[in-house]
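Engineer: What follows is each chain in one-letter form.
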Amino acid sequence: MKPFALFAVLSLVLAGAFFSCGGGSKYVTVGAVGPVTGPAATFGISTKNGDTLAVDEWNAKGGVLGKQIKMVFADDKGDPAEGATVYTKLIQQNKVSAIVGTVMSNVSLAGAPICQAAKIPMVATASTNPKVTEVGDYIFRACFIDPFQGTVGADFAYNNLKARKAACIYDLGNDYTKGLAEFFKAEFTKLGGKIVADEGHDHGVTDFKAQLTRIVQAKPDIIYNPDYYNDVALIAKQARELGFKGPLMGGDGWDSPDLVKIGGSAVEGCYFTNHYSKDDTRPVVQDFIKRYQAKFNEVPDALAVLAYDAMNLTLNAIKTAGSTKGPAIRDALAASDYNGVTGEIKFDANRNPIKSAVIIEIKNGQQQFVTTIAPAP
Amino acid sequence: MGSIFNTQQIINGLQLGSIYALIALGYTMVYGIVRLINFAHGDFFMVGAYASYGAFYIFNSFLGKGTPLAIVVLVFAMVAGGAIATLANQFAYKPLRYKPKLSSLVTALGVSMFLEYFFSAFPLIGASPLGFPEIIHRASFKIGPAMIDNYVIIDIVVAAILMIGLTLLVQRSAIGRAMRAVSQDKDASKLMGINVENIITWTFLIGGAFAGAAGLLSGMTYPRIDPYMGILPGLKAFIAAVLGGIGNIPGAMLGAYIMGIAETFANAWNSLLGAGIAFIILIIVLLVRPTGILGEKTADKI
Amino acid sequence: MGKLKLPQLTLVAALLYVLIKVLSLDSVGALNGYFMIIINRSLIFVILTVSLNLINGITGQFSLGHMGFAAVGAYVSGTITTLVLKLSPDVVSNYPIFIGAIILGGIGAAVAGLVIGFPSLRLKGDYLAIMTLGFGEVIRIILNNIDYVGGPRGLLGIPKFSTFTIIYVFTFFTIVLIRNLIQSSHGRAMLAVRENEVAAELVGVDTTRYKVLGFVVGAFFAGIGGGLLAHLLQIATPTQYGFYASALLLVYVYAGGMGSITGSIIAAFGLTFLSQFLQLGFDSLSSITGINFGSEWTMVIYALLLILIMLYKTEGLMGMKEAKLLVIEEGTK
Numbered sequence: 001m002k003p004f005a006l007f008a009v010l011s012l013v014l015a016g017a018f019f020s021c022g023g024g025s026k027y028v029t030v031g032a033v034g035p036v037t038g039p040a041a042t043f044g045i046s047t048k049n050g051d052t053l054a055v056d057e058w059n060a061k062g063g064v065l066g067k068q069i070k071m072v073f074a075d076d077k078g079d080p081a082e083g084a085t086v087y088t089k090l091i092q093q094n095k096v097s098a099i100v101g102t103v104m105s106n107v108s109l110a111g112a113p114i115c116q117a118a119k120i121p122m123v124a125t126a127s128t129n130p131k132v133t134e135v136g137d138y139i140f141r142a143c144f145i146d147p148f149q150g151t152v153g154a155d156f157a158y159n160n161l162k163a164r165k166a167a168c169i170y171d172l173g174n175d176y177t178k179g180l181a182e183f184f185k186a187e188f189t190k191l192g193g194k195i196v197a198d199e200g201h202d203h204g205v206t207d208f209k210a211q212l213t214r215i216v217q218a219k220p221d222i223i224y225n226p227d228y229y230n231d232v233a234l235i236a237k238q239a240r241e242l243g244f245k246g247p248l249m250g251g252d253g254w255d256s257p258d259l260v261k262i263g264g265s266a267v268e269g270c271y272f273t274n275h276y277s278k279d280d281t282r283p284v285v286q287d288f289i290k291r292y293q294a295k296f297n298e299v300p301d302a303l304a305v306l307a308y309d310a311m312n313l314t315l316n317a318i319k320t321a322g323s324t325k326g327p328a329i330r331d332a333l334a335a336s337d338y339n340g341v342t343g344e345i346k347f348d349a350n351r352n353p354i355k356s357a358v359i360i361e362i363k364n365g366q367q368q369f370v371t372t373i374a375p376a377p
Numbered sequence: 001m002g003s004i005f006n007t008q009q010i011i012n013g014l015q016l017g018s019i020y021a022l023i024a025l026g027y028t029m030v031y032g033i034v035r036l037i038n039f040a041h042g043d044f045f046m047v048g049a050y051a052s053y054g055a056f057y058i059f060n061s062f063l064g065k066g067t068p069l070a071i072v073v074l075v076f077a078m079v080a081g082g083a084i085a086t087l088a089n090q091f092a093y094k095p096l097r098y099k100p101k102l103s104s105l106v107t108a109l110g111v112s113m114f115l116e117y118f119f120s121a122f123p124l125i126g127a128s129p130l131g132f133p134e135i136i137h138r139a140s141f142k143i144g145p146a147m148i149d150n151y152v153i154i155d156i157v158v159a160a161i162l163m164i165g166l167t168l169l170v171q172r173s174a175i176g177r178a179m180r181a182v183s184q185d186k187d188a189s190k191l192m193g194i195n196v197e198n199i200i201t202w203t204f205l206i207g208g209a210f211a212g213a214a215g216l217l218s219g220m221t222y223p224r225i226d227p228y229m230g231i232l233p234g235l236k237a238f239i240a241a242v243l244g245g246i247g248n249i250p251g252a253m254l255g256a257y258i259m260g261i262a263e264t265f266a267n268a269w270n271s272l273l274g275a276g277i278a279f280i281i282l283i284i285v286l287l288v289r290p291t292g293i294l295g296e297k298t299a300d301k302i
Numbered sequence: 001m002g003k004l005k006l007p008q009l010t011l012v013a014a015l016l017y018v019l020i021k022v023l024s025l026d027s028v029g030a031l032n033g034y035f036m037i038i039i040n041r042s043l044i045f046v047i048l049t050v051s052l053n054l055i056n057g058i059t060g061q062f063s064l065g066h067m068g069f070a071a072v073g074a075y076v077s078g079t080i081t082t083l084v085l086k087l088s089p090d091v092v093s094n095y096p097i098f099i100g101a102i103i104l105g106g107i108g109a110a111v112a113g114l115v116i117g118f119p120s121l122r123l124k125g126d127y128l129a130i131m132t133l134g135f136g137e138v139i140r141i142i143l144n145n146i147d148y149v150g151g152p153r154g155l156l157g158i159p160k161f162s163t164f165t166i167i168y169v170f171t172f173f174t175i176v177l178i179r180n181l182i183q184s185s186h187g188r189a190m191l192a193v194r195e196n197e198v199a200a201e202l203v204g205v206d207t208t209r210y211k212v213l214g215f216v217v218g219a220f221f222a223g224i225g226g227g228l229l230a231h232l233l234q235i236a237t238p239t240q241y242g243f244y245a246s247a248l249l250l251v252y253v254y255a256g257g258m259g260s261i262t263g264s265i266i267a268a269f270g271l272t273f274l275s276q277f278l279q280l281g282f283d284s285l286s287s288i289t290g291i292n293f294g295s296e297w298t299m300v301i302y303a304l305l306l307i308l309i310m311l312y313k314t315e316g317l318m319g320m321k322e323a324k325l326l327v328i329e330e331g332t333k
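Residue numbers (the working numbering), protein chains in the order written: chain D, 1 to 377; chain F, 1 to 302; chain X, 1 to 333.
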């Protein structure tokens with residue numbers, strides 16, 4: 001036992017020395033988080049790409065505050081507990097000045113208290129659940145929030161698609177899907193529509209037939225399914241199998257090429273609300289798409305664009321603040337008025353930007369822009 | 001609201017139950033013969049699904065979609081499932097056969113973890129779900145008040161064929177007799193000249209093959225596969241086997257269909273109930289009748 | 001009478017504590033914040049592993065849902081502290097409240113242990129394992145659906161009260177208390193239950209009592225471990241304490257050696273550090289080669305190692321042996 005104890009202590013010391021060579025002050029270190037693996041993997045990859053593009057562009061122009069930018073990207077795997085670990089690691093070990101991320105509201109909610117307590121500013125790229133920024137004044141986001149998104153969806157369903165009866169199905173294990181469904185339901189009933197079925201499903205299952213059977217029996221005009229694309233694809237397919245012929249509608253969790261890859265013809269003629277559309281003719285958008293395509297060989301989705309905007313916003317704030325200290329960056333962020341690819345990012349009292357949403361239709365297996373909806377003044 | 005207990009839900013339940021049945025059979029057979037709860041069994045199911053995916057892309061160019069392709073892929077899936085099960089048995093379980101049972105259980109967990117993480121570590125196969133291709137063209141039609149598609153029929157029929165085949169094997173063939181003998185009394189079987197290790201290998205092979213078939217059916221029916229897809233169905237199929245009487249082959253089938261239907265009804269009523277129904281069933285069974293519906297009461301050997 | 005060797009044990013523990021504390025000072029800089037997190041996690045896993053060892057290794061009851069008890073501890077203590085913090089955010093001395101919350105969490109877990117222990121008594125071996133698995137999952141599902149504690153999102157923003165000192169002290173007490181229990185007459189009764197329940201019954205051991213005792217005590221310490229973990233990670237989600245977590249914990253117990261506290265300590269530290277080292281190794285490999293090696297590779301190697309340990313050292317690293325320091329000497333009469 002004694003040699004063991006000695007060995008243990010020695011290795012502790014050695015390892016400690018190994019670990020403690022932290023980052024020099026040669027760089028400005030920024031953290032980035034996204035779900036590169038897990039149930040929303042395409043989101044994570046896009047986010048990482050968007051982040052990387054922004055950082056590379058800044059570094060090509062000399063970096064920020066006279067130093068090159070080092071981005072440390074971490075995979076949160078779409079899991080809140082993993083997220084908590086990852087945020088802690090970025091702050092404690094990599095000593096980042098700010099964190100850009102993440103995508104899934106569930107995970108952002110886990111990381112936000114950690115950032116708030118450590119006074120490290122956090123800019124969530126695509127977390128739309130309102131609770132995220134409510135955590136504290138160090139928490140910002142680059143996207144619109146779900147009360148708006150759900151309302152937009154309901155308005156479109158009622159006014160444009162002329163739906164009068166709607167059914168909802170969503171993941172019970174997720175604040176984002178639950179919240180978005182709630183906001184949709186509230187607006188839809190306010191407009192005069194009727195929710196004829198409201199079904200939740202367990203997280204991670206693949207068989208939704210029980211719930212969908214009930215929904216189909218209630219004969220809705222439209223099914224609102226604000227899940228992530230992996231679940232939506234299966235739900236759409238199974239709804240068709242059970243005889244439902246109407247459209248499905250959802251939120252920004254749909255934005256992935258895998259939606260059509262897995263869902264196929266089942267998602268044809270369906271709609272979702274999103275942050276951006278590749279058909280947007282504005283020069284800033286088309287220019288971005290060109291640069292992104294040149295680097296990554298594919299058309300960017302909303303996640304990539306939001307990450308790009310969020311990273312740019314953050315780096316801008318660091319430049320304006322003239323410092324890498326948390327409180328200074330935070331103040332600079334709060335006062336930001338930044339023109340991003342997704343629109344103007346200016347924060348309200350809750351550190352949420354006021355932005356427009358777009359409606360996208362799946363037509364011939366492609367995403368097709370339908371219309372832009374601006375927030376009420 | 002509409003009644004929950006309607007034809008459509010029953011059909012949904014039977015479809016789900018068919019897949020559970022194929023998995024449950026492997027669990028029950030292995031338990032019957034070596035008294036091991038093979039936690040990795042759900043992962044043989046997953047391997048079968050991925051093998052089917054691969055087989056589709058290999059053979060699709062030659063055969064084109066349709067039944068011939070489906071049969072080829074099925075064979076592939078069963079071979080893959082059987083192979084991985086045999087390998088696990090040979091390298092991980094056999095060496096520990098006569099050591100305390102608990103070490104085999106831990107090893108089974110190790111095999112399970114290994115398979116799941118191995119598949120998710122590969123960049124191409126990856127930790128993101130894959131969309132399963134359509135092997136047979138899907139067609140829906142209405143029968144009475146219910147909507148059925150051909151996949152429902154395929155699932156139920158294929159499962160039934162395999163189960164009937166297994167029953168015939170176990171009841172009528174020499175191997176089947178040997179399997180029954182070994183599960184009743186290993187030592188006596190050895191004395192009767194049965195090569196026990198051989199029989200055990202066969203059991204794993206068949207159980208794994210069935211899990212592989214279930215993997216294909218699941219991939220077809222719920223066309224999304226990922227390396228962790230075997231965890232929940234594996235657990236539920238296992239509970240189904242316990243429900244029917246672990247070690248008992250007809251029991252596994254019965255338990256699986258009850259599980260499929262119960263889960264469907266529970267989900268239709270309330271998703272919370274649906275998520276927990278499997279475990280509620282488990283606890284009730286263990287409290288009321290641990291040997292299961294068709295299980296026999298075995299006396300404690302003193 | 002036996003010498004308890006408590007003074008020696010305390011001395012060693014104190015020395016180790018001082019050593020680590022010194023190394024972690026900013027001026028020395030040998031152990032940074034992240035590294036301390038790993039040490040803290042290892043200590044917590046010592047608590048969890050030893051508590052499971054009591055049930056599985058000593059009393060021979062195969063429990064597969066142990067993390068469920070940890071979950072109860074985590075949620076109970078986490079709810080208390082977040083509530084207190086919300087009600088009076090400027091409470092000056094939080095630590096007594098924290099320690100109280102942790103202990104309450106342990107008691108809550110012990111109650112769960114009682115509830116689960118009783119019906120499990122009729123079952124043996126595999127059936128018991130399945131039953132405990134079921135209960136563990138039921139706890140997870142219940143927690144998943146209580147919106148007040150966050151449901152699937154989990155309990156968030158738990159204050160970071162778990163300092164190295166507090167965790168270290170709790171670990172020390174866990175080791176001493178469980179060690180004393182094992183080497184008392186109660187412990188011997190539990191061992192008798194493990195070896196041969198029927199024979200134990202025949203010589204007058206109240207097997208029911210000791211089986212339940214094993215569950216309750218094991219659950220109590222698991223609850224403490226869970227509470228400490230929640231206040232270290234600042235989050236508690238149902239998935240963290242599901243079947244997989246329980247299975248992983250089982251692996252820790254077996255790797256260390258069923259029934260050996262020393263083994264549990266070594267395994268908890270060894271395996272926790274191992275997974276971190278592997279992760280760092282793969283991270284550097286990623287940046288050198290440019291290929292993205294995810295954390296899955298870490299787990300692949302981990303799983304392989306496990307299978308290998310089971311195949312070649314089935315009794316675990318320490319088998320049933322105990323370090324001299326932890327064995328109570330039998331004095332000569």
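Heads up, some of the hints might be wrong.
[Said to hold, decoys possible] Capping the alpha-carbon separation at 30 Å, the derived lysine-lysine pairs in BS3-like fashion look like this:
#	chain 1	residue 1	chain 2	residue 2
1	F	K190	D	K261
2	D	K131	D	K278
3	X	K321	D	K119
[Claimed, not checked] Listed next, with one range per pair, are the computed distances between beta-carbon atoms:
#	chain 1	residue 1	chain 2	residue 2	range
4	X	V22	D	A335	40 to 48 Å
5	X	K313	D	G66	53 to 61 Å
6	D	R291	X	L280	51 to 59 Å
7	D	S265	F	G64	15 to 23 Å
8	D	R291	F	G144	53 to 61 Å
9	X	S88	D	D337	37 to 45 Å
10	D	V284	X	V22	40 to 48 Å
11	X	K86	D	Q286	20 to 28 Å
I should point out that these hints are in silico values taken from the structure, not numbers from a laboratory. We treat Cβ as the ideally placed atom computed from N, Cα and C, and that holds for glycine.
Engineer: A separate judgement is required for each hint: does it hold in the structure or not?
Structural biologist: Hints, one by one, checked against the model:
no., hint, result
1, F:K190 - D:K261, "violated, 54 Å"
2, D:K131 - D:K278, "holds, 29 Å"
3, X:K321 - D:K119, "violated, 48 Å"
4, X:V22 - D:A335: 40 to 48 Å, "holds, 44 Å"
5, X:K313 - D:G66: 53 to 61 Å, "holds, 56 Å"
6, D:R291 - X:L280: 51 to 59 Å, "violated, 34 Å"
7, D:S265 - F:G64: 15 to 23 Å, "holds, 19 Å"
8, D:R291 - F:G144: 53 to 61 Å, "holds, 58 Å"
9, X:S88 - D:D337: 37 to 45 Å, "holds, 38 Å"
10, D:V284 - X:V22: 40 to 48 Å, "violated, 56 Å"
11, X:K86 - D:Q286: 20 to 28 Å, "violated, 48 Å"
Of the numbered hints stated above, those contradicted by the structure are hints 1, 3, 6, 10 and 11, listed in ascending order.
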